[in-house]
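Asks: Which chain is which? The protein sequence lines are H and P, in order.
For the first sequence, numbering that gives the first Met the number 0 begins at 0 and goes up steadily by one.
For the second sequence, numbering that gives the first Met the number 0 begins at 0 and goes up steadily by one.
Just to be clear, a hint being listed does not mean it is correct.
Unchecked claim - Far from chain P, by Cβ distances over 12 Å, these chain H residues were calculated: (1) D40; (2) A42; (3) W264.
Claimed, not checked - Pairwise CB distance ranges (calculated): (4) P:P6 <-> H:P217: 22 to 32 Å; (5) P:W52 <-> H:R151: 44 to 54 Å; (6) P:S50 <-> H:L37: 17 to 27 Å; (7) H:A137 <-> P:R80: 33 to 43 Å.
Simulated from the structure, these hints should not be mistaken for laboratory data.
Since the model is a prediction, treat every value here as computed from it, not as a measurement.
C-beta: ideal position from N, C-alpha, C; glycine also.
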Amino acid sequence: MSGEHGSAEHIEYVLRLADNALVLGQRLAEWCGHGPALEEDIALTNIALDLIGQARLLLDHAGRLEGKGRGEDELAFLREVPDFRNATLAELPNSGVASAGAAGGDYAVTIVRNLLFSAYQVELWQALAKSADPELAAIAAKSLKEARYHVRHAADWTIRLGDGTEESHTRIERALAALWPYTHELFATDPLEQAVARHGIGVESAGLRAGWLEALAPTAAEATLALPPDTGFRSTGKLGRHSEHLGFLLAEMQSLHRQHPGAMW
Amino acid sequence: MAQTEWPLWEVFIRSKQGLEHKHCGSLHAADAKQAVQMARDVYTRRQEGVSIWVVPSSAITASDPDDKAELFDPAVDKIYRHPTFYELPDEVKHM
Chain H
0 MSGEHGSAEH IEYVLRLADN ALVLGQRLAE WCGHGPALEE DIALTNIALD
50 LIGQARLLLD HAGRLEGKGR GEDELAFLRE VPDFRNATLA ELPNSGVASA
100 GAAGGDYAVT IVRNLLFSAY QVELWQALAK SADPELAAIA AKSLKEARYH
150 VRHAADWTIR LGDGTEESHT RIERALAALW PYTHELFATD PLEQAVARHG
200 IGVESAGLRA GWLEALAPTA AEATLALPPD TGFRSTGKLG RHSEHLGFLL
250 AEMQSLHRQH PGAMW
Chain P
0 MAQTEWPLWE VFIRSKQGLE HKHCGSLHAA DAKQAVQMAR DVYTRRQEGV
50 SIWVVPSSAI TASDPDDKAE LFDPAVDKIY RHPTFYELPD EVKHM
């Protein structure tokens, strides 16, 4: 680290965390007004807002570390697909991994993704609450409580659907099989993570996987679901190499800011 | 016939420690556990509460509106039943 600004690795690491929250928050926001029941509509919107709140704090922090005058808006709305550092799991459509533009949402996909991702966030925020970056540690401590609730919500539905009717079981099993390959990226430690871990700023995510699996096991068992085997597939969103879905998501998310730069409400 | 809609629950929220739970609305949920969770999302998202009760709406027995006259009107002219003649010490709150 030099002066008040962060190293390139530090900035990019915070952007990864921010983009995960921002992109999944945007995906969940697509359910607003379309939830399967009024109560669930509000629940999902609350979760989306929690994630967007995390993203705002993290983007603001990344902008300060960078020190080039970019704030949360510039980072959220004026970067292009290859600049985003979210894991591919976050950007997949609510309808599943089908081709871009697939209409509508599949609630099983939404719930399973929230379970897998929120359980990962719980492990991550727990570790980052002890970060040497005090700002990041504070954001982690605040976000941990939110992530714990997100897990609770998703786990509850996973059990209901998994241990529900034949159709609900089939659909949630299918969602788990489709999304599982994308979870490996969350725990793929790379040189960037090793660099921030050396400085006590970040953690090597490979070390989080055991706790994550342990946390998922009781829910999977109660939902009568088996965790799928490793297919060997590895997504690369956090390196900036995304699926075809992210461009469509950004087009929608960024259109207002790009048409009305600096718009406020 | 299979039930196609979730049953209705009445939601009671305690806004802070020491206060009683107050009825704040109702919602649909599959069971009690889910009703508590949904009540959290629907009724406490603006820091309204510290505790939630849910009760199946079907468990509530209501008075009959047609009985209004005989149930409630006799109290109208008995103002001596109101404890308005006591001085409350300042330490007693929430009375």
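Asks: Indicate, hint by hint, whether the structure satisfies it.
Replies: Hints and how they fare:
1. D40: violated, 9 Å
2. A42: violated, 4 Å
3. W264: The claim stands: H:W264 keeps its Cβ more than 12 Å from every Cβ of chain P (closest is about 19 Å).
4. P:P6 <-> H:P217: 22 to 32 Å: Given about 27 Å between the Cβ atoms, the range holds.
5. P:W52 <-> H:R151: 44 to 54 Å: Violated: the Cβ-Cβ distance is about 19 Å, outside 44 to 54 Å.
6. P:S50 <-> H:L37: 17 to 27 Å: With a Cβ separation near 23 Å, P:S50 and H:L37 satisfy 17 to 27 Å, so the hint holds.
7. H:A137 <-> P:R80: 33 to 43 Å: violated, 56 Å
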